[in-house]
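Add chain B to chain A, keeping to what the hints say.
What follows is each chain in one-letter form.
There are 2 protein chains.
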Amino acid sequence: MGKSQEKEIYRNELAKRQQIIKNEGLPVIVILEGWSASGKGSALGSIIKFMDPRFFRVYNMDVISEEDKRYPFLYRHAIKMPLKGQFSFFDGSMMDEVTYRYLKGDISEKEYDTKVNSIINYERQLRDNGYLVVKFFLEVSEKEQRSRINNLLDSKNTKWRVNKKDLWQNKNYKKCKKVYEDYLKKTDSKACPWHMIKADDKDQVEAIIANTIISSIDSAVKNPWTADIIDNPYEMAKVKKLSKIELKGKELTDDEYKVKLKKLQKELAKLHNKLYRKKIPVIIAYEGWDAAGKGGNIKRVASALDPRGYEVFPIASPSSEEKNRHFLWRFYNRLPKTGHIAIFDRTWYGRVMVERLEGFCSENDWKRAYNEINEFEKDLTDWGAVIIKFWVQIDKETQLERFTLRQNTPEKQWKITDEDWRNREKWDLYEDAVNEMIKKTSTKFAPWHILESNDKKYARIKALEIIVDEIKKVTG
Amino acid sequence: MGKSQEKEIYRNELAKRQQIIKNEGLPVIVILEGWSASGKGSALGSIIKFMDPRFFRVYNMDVISEEDKRYPFLYRHAIKMPLKGQFSFFDGSMMDEVTYRYLKGDISEKEYDTKVNSIINYERQLRDNGYLVVKFFLEVSEKEQRSRINNLLDSKNTKWRVNKKDLWQNKNYKKCKKVYEDYLKKTDSKACPWHMIKADDKDQVEAIIANTIISSIDSAVKNPWTADIIDNPYEMAKVKKLSKIELKGKELTDDEYKVKLKKLQKELAKLHNKLYRKKIPVIIAYEGWDAAGKGGNIKRVASALDPRGYEVFPIASPSSEEKNRHFLWRFYNRLPKTGHIAIFDRTWYGRVMVERLEGFCSENDWKRAYNEINEFEKDLTDWGAVIIKFWVQIDKETQLERFTLRQNTPEKQWKITDEDWRNREKWDLYEDAVNEMIKKTSTKFAPWHILESNDKKYARIKALEIIVDEIKKVTG
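Here the protein sequences line up with chains A and B, keeping their order.
Heads up, the first sequence is in the working numbering, so the first residue is 1 and it goes up one at a time.
Heads up, the second sequence is in the working numbering, so the first residue is 1 and it goes up one at a time.
Calculated directly from the structure, the hints in this document are not laboratory data.
Nothing false has been slipped in among the hints.
Identical chains blur together in the list; that is why a pair holds if it fits in one copy or across any two.
Think about it this way: if two alpha-carbon atoms lie no more than 27 Å apart in a straight line, the pair counts; the simulated DSSO-like pairs of lysine-lysine are:
# : residue 1 : residue 2
1 : K164      : K69
2 : K177      : K110
3 : K49       : K299
4 : K367      : K444
5 : K323      : K22
6 : K80       : K279
For clarity, every value in this text was computed on a predicted model and none was experimentally measured.
Same shape as in the complex, but just chain A (with noise of 0.2 Å):
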């Protein structure tokens, strides 16, 4: 068979492949790694030619814009995941800015090996939600890429995509493969392997690409992923049953509340414009019972702050976009830049207390998000995040009382739903739910705060306590 009708030949099933992804609602990501003036971008550009523009999307991830310095490192490549059914080629992934810094000395060792962990998890956590993810390494010796570069740079038409750092790799060639095939190894797993590629040969490194892609969703689609549920890695904060959570006595007069309301408020006004200075961003989840008080509370954490620098999020049901991606992509896309304050009133933990409830998501889906949840949460702190999160109690009985005092006011009836009851009816198999949450997402770098809100006015002023308490850890 020729070289020309082989070509012909992956390139039609290539083209199948992505109506079998569609059909199946695989989400496709190909990562595309290797030396600079390996070949990558024009492999790339030969294998998608054939393929159908409307259904993939090619990323070039070798320029980090200012915007996205400001987000954690795997923001930037978060927000891309394909939808379900859809390609997303990766034109250089996470292995370059980490290796690169390391290799630069702007990260120390220690740094490196955590986001190395950091990438680990999040590739497991993308074929463990559904995603196939297919990643290269495009190899060419020292002495053909110093060839390769020179060729580039005798004409004026090709000069122009050497950079300094291309020439840079090639002069520490030696120092770079040493990283180089230590991160490979790393992050080498069952879940997303590595292909190494020797870039000898342009037509060969298309025909092995194309026909590895094919072959992996091939047997991705005969063999369904089974994801393992992890042990617990993290120290765990102590935590208590929501039972044995006193809501009695925690109360406020009007005249005390008004005094610490002012003087935390004000408190926390400053220590928002020092956050902002020093470019901490800070991340503050609400969940509790509805009726709880958690719009009133959010109001006074939120009146205290520049409204140039923190957003509140409302998170109703996932849109058809959302729903088609892993499920925290729309958390990623809601985090605050650093400096800011993302407020969120309900959050990612949905996945574990209304999805695995009312059936939305699989067992194993949930099961699994406990530790998918505290490797994200892990990852915004070493981001230098403070991550804040609550829960507001109430007992049975407020919540009959306040349900009923919004059914018989007419200005409040917008905020009683058919829903509302029906979730009360739950009461016990949420108690059990959230009392499994709390205690399987309490890390020390994450714990849960409650909130006693049988007296709106006394979690009010404990949120603002817990907040402002938070905030002066880290900025001193």
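Relative to the frame of chain A, chain B by itself:
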């Protein structure tokens, strides 16, 4: 009535208006402009303090990111339009950028006028599309401004808030004032009037802003806005009715096709490189009959391009988030960066075709849309974009042949749906709508090109020739 009592009243009233705009589905944009140190920020802070933070957003428009600079100047404003029923507060607007650049000599008087005109049109479009826009300009005298700046500079806690621009503005107060007055006069309209506020007294500023927002909302709710249909102000290109387009004889042999395709794709690849280096954005829009061959046509264009420099957007019916905004919002969100190419498989013209014929918008909506689209495309060409619009034309018999083939070929069945057959029944209605669309939106700066596609090969080559020609005009 005391000041604090008055304050409490308008704060409560403002909170109520949040409920009202939610119920009415009214989106509200509040723009705060004014001299440096006029207290915009702190007025805004006070206003929103007692509003529900889950249903508004505050945007500080001061800093223009490097990313934003790669888009039309209205882009960063347009993508922040609120959803129906929500508030967006803008601390700063296009005014600041446009007047500053003009005052600094960075743009000519002509460019300034063009931008002011764009802003007038953009704001009118917002109002016509159901947005309430409330604009404030805060005035301070030269002397008062100087004293406020000096006060800020005096304390090390506030010193950082004074920047070079503030100092420059005070030094050039008279020069600035002249330009501001010009801008304010030109952009003051019935649709979006300016509210001028003497910013001497802080409490008064807050009261005026709050009460103006309240009364503007009440009046918008009571008196629904009637949008005028504006006469076309642009010079138009000559066009033919679809029925006058000769399809016969527009054919290529396989050999002719192959030779031309190869040559044109090679040429386009080179031009893409030039575009990239010259930072010229290109927008290619495809519309046409079902089964006219849009997909295959797009594929031949895309496969000639560097995958890192283009994107293809298949446009389906809008998501609920998109439906709850100006109909052009989702296209603002898909604009190419400078130097990039965006290819649209169906476009913003859905408004005057499917949305018109299926009754998804009002008659006033689609009749207004011709001019709204022309204005949108005018802004894009002013920004420097090349816009190429294709209507892919086939006759009714050819469509029937292709539909039947699709129906009878297992691998092609996914391409044909009941909706396609239903649309086919409305051929004549669509033809009238398309004729009107082509006539009313073939401006000199963004004319329609007809691709005769009974022979798909012919249409592909013609598309490539037009794209190459149009790009050559700008790359020289």
